[in-house]
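Novice: Build out the structure end to end from the sequences listed, making use of the hints.
Residues per chain are reported as follows:
2 protein chains.
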Amino acid sequence: MVARNCHIEKFHASYLFPEIGRRRDAFLKQRPNAQLISLGVGDTTQPLPTAASEAVIKFAQALATGDGYQGYGPEQGALALRQGIAERLYSCDIDPSEIFVSDGAKCDIGRLQHLFGPSATVALQDPAYPVYVDTSVLMGRTESYNVSTQGYGGLTYLPCTAENGFFPDLDAADKTDVIFFCSPNNPTGAVATREQLEKLVAFAKSNSSIIVFDAAYAPFIQDETLPRSIFEIEGAREVAIEVNSFSKLAGFTGVRLGWTVVPKELAFNDGSKVIDDWRRLSCTLFNGASNLAQAAGIGLLTNQGMQEVETLVNGYMENARILREAVTSCGLKVYGGKHAPYLWVAFPGRGSWNVFQQLMDEAELITTPGVGFGPAGEGFVRLSALGNRRDVETAAQRLVRVLKTPSFQPA
Amino acid sequence: MVARNCHIEKFHASYLFPEIGRRRDAFLKQRPNAQLISLGVGDTTQPLPTAASEAVIKFAQALATGDGYQGYGPEQGALALRQGIAERLYSCDIDPSEIFVSDGAKCDIGRLQHLFGPSATVALQDPAYPVYVDTSVLMGRTESYNVSTQGYGGLTYLPCTAENGFFPDLDAADKTDVIFFCSPNNPTGAVATREQLEKLVAFAKSNSSIIVFDAAYAPFIQDETLPRSIFEIEGAREVAIEVNSFSKLAGFTGVRLGWTVVPKELAFNDGSKVIDDWRRLSCTLFNGASNLAQAAGIGLLTNQGMQEVETLVNGYMENARILREAVTSCGLKVYGGKHAPYLWVAFPGRGSWNVFQQLMDEAELITTPGVGFGPAGEGFVRLSALGNRRDVETAAQRLVRVLKTPSFQPA
Numbered sequence: 001m002v003a004r005n006c007h008i009e010k011f012h013a014s015y016l017f018p019e020i021g022r023r024r025d026a027f028l029k030q031r032p033n034a035q036l037i038s039l040g041v042g043d044t045t046q047p048l049p050t051a052a053s054e055a056v057i058k059f060a061q062a063l064a065t066g067d068g069y070q071g072y073g074p075e076q077g078a079l080a081l082r083q084g085i086a087e088r089l090y091s092c093d094i095d096p097s098e099i100f101v102s103d104g105a106k107c108d109i110g111r112l113q114h115l116f117g118p119s120a121t122v123a124l125q126d127p128a129y130p131v132y133v134d135t136s137v138l139m140g141r142t143e144s145y146n147v148s149t150q151g152y153g154g155l156t157y158l159p160c161t162a163e164n165g166f167f168p169d170l171d172a173a174d175k176t177d178v179i180f181f182c183s184p185n186n187p188t189g190a191v192a193t194r195e196q197l198e199k200l201v202a203f204a205k206s207n208s209s210i211i212v213f214d215a216a217y218a219p220f221i222q223d224e225t226l227p228r229s230i231f232e233i234e235g236a237r238e239v240a241i242e243v244n245s246f247s248k249l250a251g252f253t254g255v256r257l258g259w260t261v262v263p264k265e266l267a268f269n270d271g272s273k274v275i276d277d278w279r280r281l282s283c284t285l286f287n288g289a290s291n292l293a294q295a296a297g298i299g300l301l302t303n304q305g306m307q308e309v310e311t312l313v314n315g316y317m318e319n320a321r322i323l324r325e326a327v328t329s330c331g332l333k334v335y336g337g338k339h340a341p342y343l344w345v346a347f348p349g350r351g352s353w354n355v356f357q358q359l360m361d362e363a364e365l366i367t368t369p370g371v372g373f374g375p376a377g378e379g380f381v382r383l384s385a386l387g388n389r390r391d392v393e394t395a396a397q398r399l400v401r402v403l404k405t406p407s408f409q410p411a
Numbered sequence: 001m002v003a004r005n006c007h008i009e010k011f012h013a014s015y016l017f018p019e020i021g022r023r024r025d026a027f028l029k030q031r032p033n034a035q036l037i038s039l040g041v042g043d044t045t046q047p048l049p050t051a052a053s054e055a056v057i058k059f060a061q062a063l064a065t066g067d068g069y070q071g072y073g074p075e076q077g078a079l080a081l082r083q084g085i086a087e088r089l090y091s092c093d094i095d096p097s098e099i100f101v102s103d104g105a106k107c108d109i110g111r112l113q114h115l116f117g118p119s120a121t122v123a124l125q126d127p128a129y130p131v132y133v134d135t136s137v138l139m140g141r142t143e144s145y146n147v148s149t150q151g152y153g154g155l156t157y158l159p160c161t162a163e164n165g166f167f168p169d170l171d172a173a174d175k176t177d178v179i180f181f182c183s184p185n186n187p188t189g190a191v192a193t194r195e196q197l198e199k200l201v202a203f204a205k206s207n208s209s210i211i212v213f214d215a216a217y218a219p220f221i222q223d224e225t226l227p228r229s230i231f232e233i234e235g236a237r238e239v240a241i242e243v244n245s246f247s248k249l250a251g252f253t254g255v256r257l258g259w260t261v262v263p264k265e266l267a268f269n270d271g272s273k274v275i276d277d278w279r280r281l282s283c284t285l286f287n288g289a290s291n292l293a294q295a296a297g298i299g300l301l302t303n304q305g306m307q308e309v310e311t312l313v314n315g316y317m318e319n320a321r322i323l324r325e326a327v328t329s330c331g332l333k334v335y336g337g338k339h340a341p342y343l344w345v346a347f348p349g350r351g352s353w354n355v356f357q358q359l360m361d362e363a364e365l366i367t368t369p370g371v372g373f374g375p376a377g378e379g380f381v382r383l384s385a386l387g388n389r390r391d392v393e394t395a396a397q398r399l400v401r402v403l404k405t406p407s408f409q410p411a
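As given, the protein sequences belong to chains A and B, one line each in that order.
Here this note's numbering is used: the first residue of the first sequence is 1, the next is one more, and so on.
Here this note's numbering is used: the first residue of the second sequence is 1, the next is one more, and so on.
It is worth saying that the hints were derived from the structure and are not from the lab.
Keep in mind the model is a prediction, meaning the values are calculated, not measured.
Be a bit skeptical, because a hint or two may be false.
Each pair may be met inside one copy or between any two copies, as identical chains are not told apart.
Stated by the list, open to error - Computed list of lysine-lysine pairs in DSS-like fashion (alpha-carbon distance at most 30 Å, straight line):
hint	residue 1	residue 2
1	Lys175	Lys205
2	Lys175	Lys404
3	Lys10	Lys175
4	Lys273	Lys205
5	Lys273	Lys58
Specialist: Next up, the structure:
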């Protein structure tokens with residue numbers, strides 16, 4: 001009989017969010033009348049911008065006609081969409097030919113792992129979006145999971161803590177080939193400054209690394225002087241790839257649309273261009289994002305759509321403000337939530353899953369345990385501000401009620 | 001600097017269809033007024049069934065409302081869609097929990113490669129859909145490309161020829177872990193009989209192999225007694241996975257929707273269930289098919305939608321009949337086109353790319369060179385019947401005109 005994939009065997013736990021779902025279901029079985037509110041998985045809740053839905057409707061009508069029907073589109077995505085992304089979402093020069101439309105950042109991160117050879121080494125922020133770790137494990141870039149360090153051998157974790165302002169000591173990534181870096185960060189909500197990203201780019205250059213920069217939360221940056229793309233940093237085109245997404249930008253989490261930017265300058269050590277291999281990979285592992293989703297994206301990247309996006313983002317950032325205020329009013333330390341829809345709440349000396357369970361039991365709130373994002377997330381819980389206003393307001397009231405009880409208060 | 005992925009370096013040529021596109025573009029540059037008709041890439045051309053487009057429209061309207069909005073769906077796909085697939089598209093018992101909705105068979109074949117460990121061995125029909133080969137190369141399952149054999153070392157090619165009725169000698173797959181098998185076949189158009197599939201299942205069982213069965217062309221089977229799924233064969237649930245697609249069934253090539261069936265009985269040699277690893281992989285590498293595409297699928301799997309599918313399939317099969325007649329009237333031997341939308345035309349003693357070029361030059365027809373699907377495809381050209389009727393009729397006339405000229409006639 002066929003052997004199980006030894007890399008899958010290494011997974012020490014199920015993917016974080018299904019695990020949360022299982023615990024939620026167990027809770028609801030015991031307390032079926034609980035009024036659970038989720039501040040957990042970063043799922044969007046507000047209606048799709050009408051500019052996007054109207055574009056889909058028009059496109060779907062056309063598909064049912066002889067003249068409007070389209071079959072396979074270009075694997076790289078419709079040119080109009082790539083042009084719209086370049087023009088509307090980047091202040092720096094990105095050529096549409098460098099943009100590859102995807103069905104979401106998560107899916108592209110998995111495919112991006114194939115860009116690099118089996119012995120490529122990986123560094124990543126700790127805590128981090130679990131997909132960087134899991135796809136690295138799957139590609140055989142790691143050793144087994146180490147229970148005492150709560151991490152995988154062979155993977156370089158770059159702790160991002162309150163002490164270092166959530167910007168890691170890059171020297172720990174010495175000699176790693178690929179550095180995953182996410183700003184604004186999921187889960188900490190921290191945003192890297194221009195100076196920090198300059199440092200990152202300079203490090204990648206001197207260290208001969210490629211940065212995989214995840215900018216999925218860039219639309220939430222409120223300060224115009226903060227960079228929204230790694231490519232706003234000089235020299236980044238020689239060392240970075242950027243993955244990005246419509247999911248949080250415009251509530252496309254279910255619609256599935258994202259993109260990856262691979263600059264023409266980026267090269268491997270044999271001089272061959274990374275963009276050429278990425279194009280080949282895209283044709284081999286992918287067949288283009290749904291043309292319905294692409295139509296939605298094209299509709300969104302209009303004046304009307306961009307105005308709707310602004311309203312959407314402002315609404316979520318107001319949620320973040322409400323949640324921040326609730327938590328800080330209880331004397332707890334909270335990070336993030338200013339340029340990102342995530343708040344990172346510190347519970348010093350406590351286990352994340354323990355806090356998760358207590359918040360579910362006592363406040364009927366679903367959160368995300370920080371340790372699910374990596375060992376440095378222990379003692380934190382992530383709150384998502386992507387909910388409905390009414391839910392967020394109720395959640396804030398419940399937080400104020402329970403966080404003031406002694407068990408949640410810092411010693 | 002970072003090294004190029006050694007597995008990508010092995011690719012001996014670009015993916016077949018982009019290569020055809022490049023040759024077409026070069027041709028059009030020289031002859032910009034050419035009236036090219038494509039019988040090449042198997043792209044659908046007929047309007048999307050209105051049952052599907054109407055369902056998308058309704059769903060997109062709902063997404064733009066507070067009550068109708070949905071974010072992330074289940075990674076495995078909407079339950080209503082999985083139930084519809086089980087009920088409408090399978091005559092054998094498939095539980096909806098065994099169905100995993102995807103953004104297409106191609107994408108799932110790439111992900112399926114991750115189910116198997118780095119040292120898993122692969123056998124496949126020759127000729128075959130290039131994605132089985134390319135994703136195997138990418139996973140490091142092969143050695144370099146061998147110019148003299150026109151294949152990759154370490155990969156077991158199972159020649160499917162006119163001589164063996166396009167059903168391979170399975171003994172050549174001795175000790176291989178994974179056997180890719182496609183019926184109705186792309187590119188040969190051959191359909192495996194019940195007896196042949198029983199032989200395949202028995203072989204997999206005795207050889208301890210897992211079959212990855214590609215049934216994307218099952219809707220084109222005209223004979224009710226021929227199996228449309230590997231799971232119609234007794235014992236298949238212990239040895240097979242099935243990948244499938246809405247692409248050819250209903251013109252979803254651009255909409256992107258497919259599914260994979262992993263039966264609960266299928267196990268690895270340590271007794272662990274394949275379906276559990278597949279679920280974990282689906283959560284790691286994928287975030288669900290676009291909910292717009294899923295809405296289209298749900299709309300399609302209604303009485304109205306299934307009637308539209310029947311009309312669609314009948315139209316394409318009439319195209320196949322027209323093309324078959326044209327080719328056979330010239331005295332050439334043609335296979336397929338009876339239970340599949342592909343015709344496999346023999347040009348004994350001639351090179352496939354050579355025939356491809358001559359058909360483009362002399363008949364302004366784009367075809368697909370058989371050798372692009374594997375070494376045993378040399379001397380053949382694939383014709384797709386998925387075009388518009390008017391184009392197909394014109395193409396048939398052109399074929400009759402040029403195939404009668406001496407250079408195309410068998411010696």
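Novice: Please go over all the hints and tell whether each is borne out by the structure.
Specialist: Now for the hints, and whether the structure bears them out:
no., hint, result
1, Lys175 with Lys205, "within (11 Å within a copy, 47 Å between copies)"
2, Lys175 with Lys404, "neither (46 Å within a copy, 64 Å between copies)"
3, Lys10 with Lys175, "both (24 Å within a copy, 26 Å between copies)"
4, Lys273 with Lys205, "within (16 Å within a copy, 45 Å between copies)"
5, Lys273 with Lys58, "neither (38 Å within a copy, 44 Å between copies)"
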